[in-house]
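Protein chains in written order, with our numbering: chain A, 429 to 573; chain B, 92 to 249.
Because the hints were derived from the structure by calculation, they are not lab data. Please read these numbers as outputs of a predicted model, since none were measured by experiment. Ideal Cβ placement from N, Cα and C applies to all residues, glycine included. Take the hints with a grain of salt, since some may be wrong.
[As the list claims (entries may be wrong)] Below 20 Å or equal to it, Euclidean Cα-Cα: the simulated PhoX-like pairs (lysine-lysine) are:
| hint | chain 1 | residue 1 | chain 2 | residue 2 |
| --- | --- | --- | --- | --- |
| 1 | A | Lys442 | B | Lys132 |
| 2 | A | Lys430 | B | Lys132 |
| 3 | B | Lys132 | A | Lys437 |
| 4 | B | Lys146 | B | Lys136 |
| 5 | B | Lys116 | A | Lys442 |
| 6 | A | Lys452 | A | Lys442 |
| 7 | A | Lys442 | A | Lys430 |
[Claimed, not checked] Partner residues aside, some chain B positions facing chain A, computed with beta carbon under 7 Å:
| hint | residue |
| --- | --- |
| 8 | Ile99 |
| 9 | Glu102 |
| 10 | Gly211 |
| 11 | Ile217 |
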Amino acid sequence: MKVFINTVKDGFIKALKTTVTLMKVVLPVYALVVVIKYSPLMPFLEELFRPAMGLFRLPPEAVVPIITGVFTDEYGAIATASQFNFTGAELTTIAMIGLVFHSIPVEFALSQRIGLPAAKFVLYRFTASILVGILTAQIGGIFLC
Amino acid sequence: MLASASTIINEIIHGSLNTVFNVLKILIPLMIVIEILRVYKIMEKLAEKLEGITKVLGMSPPAILPLIVATVMGVTYGAGTLMEMNKVNPIPRKDFILIGIFFFICHGIIETTAIWSVAGANILVISAGRLFIAIIITIIASRLPIFNKNTHYQDQEQ
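This is chain A alone, in the form it adopts within the complex:
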């Protein structure tokens, strides 16, 4: 029983520590994205990525959470996604793309440290995320509407 209580306590402390780390990421990312959202850069980004996002049946602004996810992590992507009004199907597609291709700088370093060919794996994940995105969009278009 004592072990169990300690385990729960450790988990709780870890969660709080993670939250602090998270704040450091989420706060600046969130601030940056809000500023970009209201700046003239946003329509430009939307036009630039409209065809690519169309491939995934996503509105052009979906590029913002996806790009955020690539450079920060899942939490950055979610914080960003919450600023726009996406439907459930769109969020599922964004999630699937983001879940395959995310936190690239951190996970590049990680795969290098464990001895995997890091650059090849980034390329692999990029390709896989596009395929997964298209697949989810097609399936989502049928079932989640």
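With chain A's structure known, arrange chain B on it following the hints.
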């Protein structure tokens, strides 16, 4: 600028605190569960039962542990397990690459599913769907001819 500075600052503070709070509601129970899984060595017990899966995925049986740890608990835990195992008994190169192929598509399934479903994504698609895609890709990759050149793996089998 399409909005005033006060609107922007307001949105930044409210939105980011809201997001952190939402994540916290999931993160606390989640971290407790992960800690329980780790302390009671539940992954090790599960790995014993699921060893058969490695055959389908084209790996050797010991590869199941880092694979399950990464898939369920997260990539950092998986990488940690992998490094620990490599110190004691090195995993064949083929298994190593296949584990990478698998867990870069699908990792931290509890955590990511929980946070994304709160955001509004479909739970079944992002958990089971992702797992299914990772399995299919790994099965295909393990049958690719590039691995036949890898003598290290065959040496270990004989």
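Hint-by-hint comparison with the structure:
Among the hinted pairs, lysine 442 of chain A with lysine 132 of chain B is consistent with the structure: their alpha-carbon atoms are about 18 Å apart, no more than 20 Å. Of the pairs offered as hints, the one joining lysine 430 of chain A and lysine 132 of chain B holds, with about 16 Å between alpha carbons and a cut-off of 20 Å not exceeded. Using a Cα cut-off of 20 Å, the hinted pair lysine 132 of chain B and lysine 437 of chain A holds, with the two alpha carbons roughly 17 Å apart. This hinted pair checks out: lysine 146 of chain B and lysine 136 of chain B have alpha carbons roughly 18 Å apart, not beyond 20 Å.
For the proposed pair lysine 116 of chain B and lysine 442 of chain A, the alpha carbon gap of about 14 Å is at most 20 Å, so the pair holds. For the hint linking lysine 452 of chain A to lysine 442 of chain A, the alpha-carbon distance of about 16 Å falls within 20 Å, and the restraint holds. Using a Cα cut-off of 20 Å, the hinted pair lysine 442 of chain A and lysine 430 of chain A holds, with the two alpha carbons roughly 18 Å apart. With a cut of 7 Å, the hint placing isoleucine 99 of chain B at the interface with chain A holds, because the nearest CB-to-CB distance is about 6 Å.
Satisfaction of the interface hint for glutamate 102 of chain B is found here, the shortest Cβ-Cβ separation to chain A being roughly 5 Å, below the 7 Å cut-off. Here the hint on glycine 211 of chain B is kept, as its CB sits about 5 Å from the closest CB of chain A, short of 7 Å. For isoleucine 217 of chain B, the interface hint holds, the least distance from its beta-carbon to any beta-carbon of chain A being 5 Å, beneath 7 Å.
Of the numbered hints stated above, none is contradicted by the structure.
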